[in-house]
Amino acid sequence: AQKITQTQPGMFVQEKEAVTLDCTYDTSDQSYGLFWYKQPSSGEMIFLIYQGSYDEQNATEGRYSLNFQKARKSANLVISASQLGDSAMYFCAMRSILTGGGNKLTFGTGTQLKVEL
Amino acid sequence: DTGVSQDPRHKITKRGQNVTFRCDPISEHNRLYWYRQTLGQGPEFLTYFQNEAQLEKSRLLSDRFSAERPKGSFSTLEIQRTEQGDSAMYLCASSLTTDSPLHFGNGTRLTVT
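The listed protein sequences correspond, in order, to chains A and B.
Those letters in the first sequence? Residues 1 to 117, by the working numbering.
Those letters in the second sequence? Residues 1 to 113, by the working numbering.
Hints in this document: simulated from the structure, not taken from any laboratory.
One or more of the hints may lead you astray.
[Stated by the list, open to error] Stretch by stretch, here's where chain A covers chain B in the computed footprint (C-beta under 8 Å, at least three residues):
no., stretch
1, 31-44
2, 50-60
3, 85-95
4, 99-107
Ideal Cβ positions, reconstructed from N, Cα and C, are used throughout, including at glycine.
Start from the sequences, fold in the hints, and give me the full structure.
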């Protein structure tokens with residue numbers, strides 16, 4: 001069974017500062033993938049970044065980067081130069097492959113980020 | 001790319017009534033998923049379709065729940081004899097390949113009174 005742990009229920013950051021959202025995972029799979037999604041108050045889940053377990057480089061997408069430490073089973077999201085629009089719930093998720101090649105995502109409980117002026 | 005569309009956005013129903021939600025995935029995506037999200041939790045997997053075939057169902061999907069994707073395009077999720085515990089956000093997602101991320105819709109928020 002796969003498990004995602006997000007230990008920070010809420011985080012505050014000043015505008016323009018960087019923030020790290022923690023995520024640890026547990027899996028017995030040799031090959032796996034890790035995702036981060038953003039969920040604003042509107043409810044939509046917005047894909048941010050993906051890291052494959054065999055990727056040698058840490059993933060980056062604009063202001064988002066994933067600090068992947070395989071031995072520690074952690075996949076922390078770093079948001080640089082925070083903006084007010086970054087205020088949202090952030091979810092870390094791990095995928096397992098389903099019959100026919102689908103992706104089942106197991107989500108953590110999320111971290112509510114609040115960006116302040 | 002018009003995104004994943006879900007209808008309705010909100011549904012309030014009385015306990016015991018049946019409800020049906022609709023999901024229109026991104027047009028070229030053949031993989032479609034339903035998730036349920038309760039307050040303070042991350043989404044939980046319910047079921048998965050590849051084209052019109054329902055290939056996986058979570059044990060969370062009780063006998064009162066049924067999902068269809070009749071022509072491999074839009075999908076419906078029906079809940080019969082709703083219970084207060086069914087109150088949640090129901091999210092639909094689609095993807096193109098195994099390696100591509102899931103794209104989620106805005107969800108349908110169900111309230112059972």
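Hints, one by one, checked against the model:
no. : hint   : verdict
1   : 31-44  : holds (count 8)
2   : 50-60  : holds (count 4)
3   : 85-95  : holds (count 4)
4   : 99-107 : holds (count 8)
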